[in-house]
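2 protein chains.
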Amino acid sequence: MQTRYYTITDYPKGTPERDLFQLREEELSELGEGEVRIRNSWLSVDPYMRGRMSGVKTYIDPFELNEPLQGAAVGEVIESRDSRFKSGDKVRHMGGWRDIAQLSGDQVEPLPSIEVPEQAYLGVLGMPGMTAWTGLNIIAEMKEGDNVLVSAASGAVGSLAVQLAKAKGGTVVGIAGSQEKLDWLEARGVKAVSYKGKDAEQLTKALKEACPDGFDVYYENVGGDCLVAALNNLNVGARIAVCGMISSYNDTEAAPGPSNISMILIRRARMQGFIVFDHWQNYSRFLEEVGPQVAKGDIDYEETVEEGLEQTPDAFLKLFSGGNKGKMLVRL
Amino acid sequence: MQTRYYTITDYPKGTPERDLFQLREEELSELGEGEVRIRNSWLSVDPYMRGRMSGVKTYIDPFELNEPLQGAAVGEVIESRDSRFKSGDKVRHMGGWRDIAQLSGDQVEPLPSIEVPEQAYLGVLGMPGMTAWTGLNIIAEMKEGDNVLVSAASGAVGSLAVQLAKAKGGTVVGIAGSQEKLDWLEARGVKAVSYKGKDAEQLTKALKEACPDGFDVYYENVGGDCLVAALNNLNVGARIAVCGMISSYNDTEAAPGPSNISMILIRRARMQGFIVFDHWQNYSRFLEEVGPQVAKGDIDYEETVEEGLEQTPDAFLKLFSGGNKGKMLVRL
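Just so you know, the protein sequences line up as chains A and B, in that order. Here numbering that gives the first Met the number 0 is used: position 232 in the first sequence is 231, and no number is missing along the way. Here numbering that gives the first Met the number 0 is used: position 134 in the second sequence is 133, and no number is missing along the way.
Bound-form chain A, shown alone (with noise of 0.2 Å):
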């Protein structure tokens, strides 16, 4: 049986070049003891993938070049020579990029049981989702009442941190870019900033006249203004839960940091940088409290769905330009 992947054939300085990336045919191995091959419906496509083409360790290996990519998938078991796994099953796993992943079962997992859609176990109930949890609960330690500022506010992340931070009650406040996402936020009762056409200094005064009891928590997926601006609106003894800086993943030189990073002291604040991987004991206590409001559907999660694995790379290069709203997901 032959299975198409993505590799890359160098590591890209810069944003990456749509070139870079290769689709590869290759005849799979037979399946060994204690494997299972599934057919994948869903591909995962994720900013911090970005990090893992630099070459270099930062919090998970590099991509090997020409190796097979690797990302979150959801496919059906179509052989299986693992006794947990029949064919048929619906499960998650790692090998992404590719339409049939042939792989342990140890690095396969069922698909848990709540009814909805299997797409929803990359995104809203996934690692996007079990992000945006960790990082307001876990990381900031979020209160019932808490002010609190999400960046990239209506990305797969954000669109469940500001719901999340919403339900707790106080003033949410998100900042994306084209008018859908901030009507979208409004949508949901979350006071929607752009970022837009503003430097940091004009970006400080619209979080403050969006919130001007301040923010209790910030909920970092951005960097560069967006932390400036967060930084000169934080109340004392605020939580910073750093879950990325989309806005220098793609830098070729150190861009200027936070200039008013003094703040932290000034406000006695805590910033945290966190990887949802290391708080994955917590993946079903999530499930169990986010799981039930996804499926009666109390949570809106939004997908952007490309169709077809030759879309894979150009749906991972437009979460870079803004270009989803909600999951970036690859239809099969």
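No lab work stands behind these hints: they were computed from the structure. Idealized CB from N, CA, C, for every residue including glycine. Certain hints may be false.
[What the hints assert, rightly or not] One-sided and incomplete, this derived list gives chain A residues near chain B with beta-carbon spacing under 7 Å: (1) 0; (2) 241; (3) 244; (4) 247; (5) 255; (6) 256; (7) 258; (8) 263; (9) 271; (10) 272; (11) 273; (12) 274.
Based on the hints, put chain B in the right spot on chain A.
Only chain B this time, still in chain A's reference frame:
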């Protein structure tokens, strides 16, 4: 009875000029019910006082123009209308920058009974010592064996921080300037790194040589290049206790921030600003732990002493040019 005190006549921009400080003389009012009159013997000058000269509320109220400045002081009660105090009692209070203080008894505390020179209660067993202990133990949650980096490592706070850290094992590195300070650190078993003549990149390299395994804790007193170099040398899960950022206190324009702030994310690190007054409930715990070590001579605390009330402004200004080793004090 007369009191002589220092005041400021304007809020300085940049480094305060010596002229800003005016010595005034005033007849004290008769001692009111509940008040205590104290002859000060030692005055403390501390970097945080610069923040009170800005005219804006940061974490404490600004100094009022033309009113007596405030700061920690030790002295002897010479008259009391508070039943808790009698003439001859040694006390500590915030009525510094003057020779005779007259305060409500509620603002005065007896000196603890550990046998140390009285001025130690302004330094190693006072606010600076408590600050070092709080930053390491409460904010950075230092564990046995952690590698610890301290900036301004020979200052009033830093010099205790390195010794407390050293006592818990692990490699301790201190950043300082002059050869004399570096020698003092080396004699305490601390690896000393000079910041002089080094940019952020060179300082990064020097820290890496001093501690190739990276730092689990960074005790931050300085900011600027020290912060950049420290961020470059953090271990995964590192904690930064931000006690001060003296490099920027006299800035008139915002200096560029750390361009590598994303290391907070990459190293999943935590950076937290604090002010010791929020943690004063732990003072007796600190005193119990550190007091006996100071009394036995296990902790070496340095003092830089200026003589006479008239020297108070100069003593204060020297804090910003590296003119002190250990605690800067004025003896009256």
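Now the hints, each set against the structure:
Checking residue 0(A) against chain B by beta carbon gives a least distance of about 39 Å; that is not within 7 Å, so the hint is violated. Hint status for residue 241(A) relative to chain B: holds, with the closest Cβ pair at about 5 Å, below 7 Å. The closest approach between the C-beta of residue 244(A) and any C-beta of chain B is roughly 5 Å, which is under the 7 Å cut-off, so the hint is satisfied. Because the beta carbon of residue 247(A) sits about 6 Å from the nearest beta carbon in chain B, less than 7 Å, this interface hint is met.
A distance limit of 7 Å between C-beta atoms decides the matter here; for residue 255(A) the minimum to chain B is near 4 Å, and the interface restraint holds. Hint status for residue 256(A) relative to chain B: holds, with the closest Cβ pair at about 3 Å, below 7 Å. Against a cut-off of 7 Å between C-beta atoms, the interface hint on residue 258(A) holds, since the closest Cβ of chain B lies about 4 Å away. Interface hint at residue 263(A): satisfied, since its Cβ lies 4 Å from the closest Cβ of chain B, which is below the 7 Å cut-off.
At a threshold of 7 Å, the smallest CB-CB gap from residue 271(A) to chain B is about 4 Å, leaving the interface hint in force. For residue 272(A), the shortest C-beta to C-beta distance to chain B is roughly 4 Å, which falls under 7 Å, so the interface hint holds. Nearest Cβ of chain B to the Cβ of residue 273(A): about 6 Å, under the 7 Å cut. The hint holds. Restraint check, residue 274(A) versus chain B: the minimum CB separation of about 6 Å is within 7 Å; hint holds.
Of the numbered hints given earlier, the model fails hint 1 alone.
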